[in-house]
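Q: Protein chains in written order, with our numbering: chain A, 1360 to 1465; chain B, 1408 to 1602.
Calculated from the structure, these hints are not laboratory results.
Quick reminder that beta carbons are idealized off the backbone N, C-alpha and C, glycines included.
Check each hint, because a few of them may be wrong.
Unchecked claim - With a Cα cut of at most 16 angstroms, we get these calculated EDC-like pairs of lysine to aspartate or glutamate: (1) B:Lys-1450 - A:Glu-1440; (2) B:Lys-1589 - A:Asp-1412; (3) B:Lys-1592 - A:Asp-1412; (4) A:Lys-1429 - B:Glu-1441; (5) B:Lys-1450 - A:Glu-1436; (6) A:Lys-1420 - B:Glu-1442; (7) A:Lys-1393 - B:Glu-1456; (8) A:Lys-1393 - B:Glu-1459; (9) B:Lys-1415 - B:Asp-1432; (10) A:Lys-1429 - B:Glu-1456; (11) B:Lys-1589 - B:Glu-1445; (12) A:Lys-1411 - B:Asp-1432; (13) B:Lys-1592 - A:Asp-1381; (14) A:Lys-1432 - A:Glu-1386; (15) A:Lys-1410 - B:Glu-1424; (16) A:Lys-1410 - B:Asp-1432; (17) B:Lys-1415 - B:Glu-1455; (18) B:Lys-1581 - B:Asp-1432; (19) A:Lys-1429 - B:Glu-1442; (20) B:Lys-1450 - A:Asp-1412; (21) A:Lys-1417 - A:Glu-1386; (22) A:Lys-1411 - B:Glu-1481; (23) A:Lys-1429 - B:Glu-1481; (24) A:Lys-1411 - B:Glu-1431; (25) A:Lys-1417 - B:Asp-1439; (26) A:Lys-1417 - B:Glu-1442; (27) B:Lys-1592 - A:Glu-1440; (28) A:Lys-1380 - A:Glu-1438; (29) A:Lys-1429 - B:Glu-1455; (30) A:Lys-1411 - A:Glu-1450; (31) B:Lys-1414 - B:Glu-1442; (32) A:Lys-1411 - B:Asp-1482; (33) A:Lys-1417 - B:Glu-1459; (34) A:Lys-1429 - A:Asp-1381.
As the list claims (entries may be wrong) - Heads up, incomplete: computed chain A residues facing chain B, CB under 10 angstroms, no partners named: (35) Glu-1386; (36) Thr-1389; (37) Arg-1408; (38) Gly-1461.
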Amino acid sequence: MDTQFKKGVLELCVLTLLQIKDYYGYELVTEISKNISISEGTIYPLLRRLKKDGHVRKYLKESQEGPPRKYYKLTLEGEEERKRLKKEWNEFFVKVNTFLSGDFVE
Amino acid sequence: MVILLNKKQFLKELRAELKQLQKEDLDPIMEDFEEHFEIGLSKGRSEEELVESLGTPKTIAKHVKADFLVRQAEDKTSFINFSRAFFAILGLGFFNLVFGLGIFLGILALLFGLFVAAGAFVFAGIASIISPFIEPFVDNLSLGGMNPLAVFFFGIGLTAFGLLIFIADGYITKEFFHMALKYLKMNIKIVTGVN
């Protein structure tokens, strides 16, 4: 898939994962790169931005294996943002598909 | 051939790329990556493997810096801060250099032109205000038979008009930077993958 495409939906993917459960950084990064091949390192700046914008928040949680880990949690604002981005994505998806099927009126 | 760094080299290079950041901004970023290595290694991945999937420190630093500079420009809208953010995002290779820069400079020139025009009006206005007073004493100055009082009030009007343009231009300029900043932020959101 084209890199420009991936960039646009990365934020939506992160917010969607966090809607299901809370993730710690490493886990989130590897989960995303399982499906979308990107430089994992660029997800960390994205997470910082989401945090500064108030879309996610961080908290410490004990782990069985080693020191406590920093988990990311979706906030109410983050959920709003996720809905908005998803709607945008769906609209875009439908438009492109209509176009590809040749089912458009001049 | 790509030479892969180990963990220590990667962290060192990333730190060097981000050296202009304040300590309080840099530390949490470095922590993110240190933790990434720590957990990755504990899960049995090698340092080189982790480095390879993270991407180059340069790419990561570009994203961090562009984001950081936009925040700075938002907190304190100044021409310098704005330009820094603008060029940082150009550096990410996202928007067309000629297109983005052309529009940006075009509007900037227009706003600058308005400031110059305002200055000219004020200057002409002040000249008009004082000319009735100094006319008798200056050889080459003539009101050309116009009423000195009319010239005086015309000058006041002209000065006020110039000042109004000046104030309006100030507002427009500020608004322009705010709007351009929004546009930059929109772009930054899109630019999060690899170049």
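Q: All hints are to be evaluated individually against the structure, with a verdict given for each.
A: Going through the hints against the structure:
1. B:Lys-1450 - A:Glu-1440: violated (33 angstroms)
2. B:Lys-1589 - A:Asp-1412: holds (14 angstroms)
3. B:Lys-1592 - A:Asp-1412: holds (12 angstroms)
4. A:Lys-1429 - B:Glu-1441: holds (13 angstroms)
5. B:Lys-1450 - A:Glu-1436: violated (33 angstroms)
6. A:Lys-1420 - B:Glu-1442: holds (14 angstroms)
7. A:Lys-1393 - B:Glu-1456: holds (14 angstroms)
8. A:Lys-1393 - B:Glu-1459: holds (14 angstroms)
9. B:Lys-1415 - B:Asp-1432: Not satisfied, since the Cα-Cα distance of roughly 20 angstroms exceeds 16 angstroms.
10. A:Lys-1429 - B:Glu-1456: violated (23 angstroms)
11. B:Lys-1589 - B:Glu-1445: Status violated; Cα separation ~37 angstroms.
12. A:Lys-1411 - B:Asp-1432: holds (12 angstroms)
13. B:Lys-1592 - A:Asp-1381: violated (26 angstroms)
14. A:Lys-1432 - A:Glu-1386: The given pair, whose Cα atoms are some 13 angstroms apart, holds under the 16 angstroms limit.
15. A:Lys-1410 - B:Glu-1424: Roughly 23 angstroms separates the two Cα atoms, so the pair is violated.
16. A:Lys-1410 - B:Asp-1432: holds (14 angstroms)
17. B:Lys-1415 - B:Glu-1455: holds (11 angstroms)
18. B:Lys-1581 - B:Asp-1432: violated (27 angstroms)
19. A:Lys-1429 - B:Glu-1442: holds (9 angstroms)
20. B:Lys-1450 - A:Asp-1412: Violated - the C-alpha atoms of Asp-1412 (chain A) and Lys-1450 (chain B) are around 31 angstroms apart, more than 16 angstroms.
21. A:Lys-1417 - A:Glu-1386: holds (14 angstroms)
22. A:Lys-1411 - B:Glu-1481: holds (13 angstroms)
23. A:Lys-1429 - B:Glu-1481: violated (28 angstroms)
24. A:Lys-1411 - B:Glu-1431: Holds, at about 14 angstroms.
25. A:Lys-1417 - B:Asp-1439: Judged against 16 angstroms, a Cα distance of about 12 angstroms means the pair holds.
26. A:Lys-1417 - B:Glu-1442: holds (14 angstroms)
27. B:Lys-1592 - A:Glu-1440: Answer holds: Lys-1592 (chain B) to Glu-1440 (chain A) is near 15 angstroms, not above 16 angstroms.
28. A:Lys-1380 - A:Glu-1438: Satisfied, since the Cα-Cα distance of roughly 13 angstroms is no more than 16 angstroms.
29. A:Lys-1429 - B:Glu-1455: Not OK: Lys-1429 (chain A) and Glu-1455 (chain B) at ~24 angstroms, beyond 16 angstroms, violated.
30. A:Lys-1411 - A:Glu-1450: Between Lys-1411 (chain A) and Glu-1450 (chain A) the Cα gap is close to 27 angstroms, so the pair fails against 16 angstroms, i.e. violated.
31. B:Lys-1414 - B:Glu-1442: holds (11 angstroms)
32. A:Lys-1411 - B:Asp-1482: holds (13 angstroms)
33. A:Lys-1417 - B:Glu-1459: Outside the cut-off at roughly 27 angstroms; violated.
34. A:Lys-1429 - A:Asp-1381: Given pair Lys-1429 (chain A), Asp-1381 (chain A) holds - Cα atoms ~10 angstroms apart, limit 16 angstroms.
35. Glu-1386: At about 8 angstroms, which falls below the 10 angstroms cut-off, the nearest Cβ of chain B leaves the hint on Glu-1386 (chain A) intact, so it holds.
36. Thr-1389: holds (8 angstroms)
37. Arg-1408: holds (6 angstroms)
38. Gly-1461: violated (28 angstroms)
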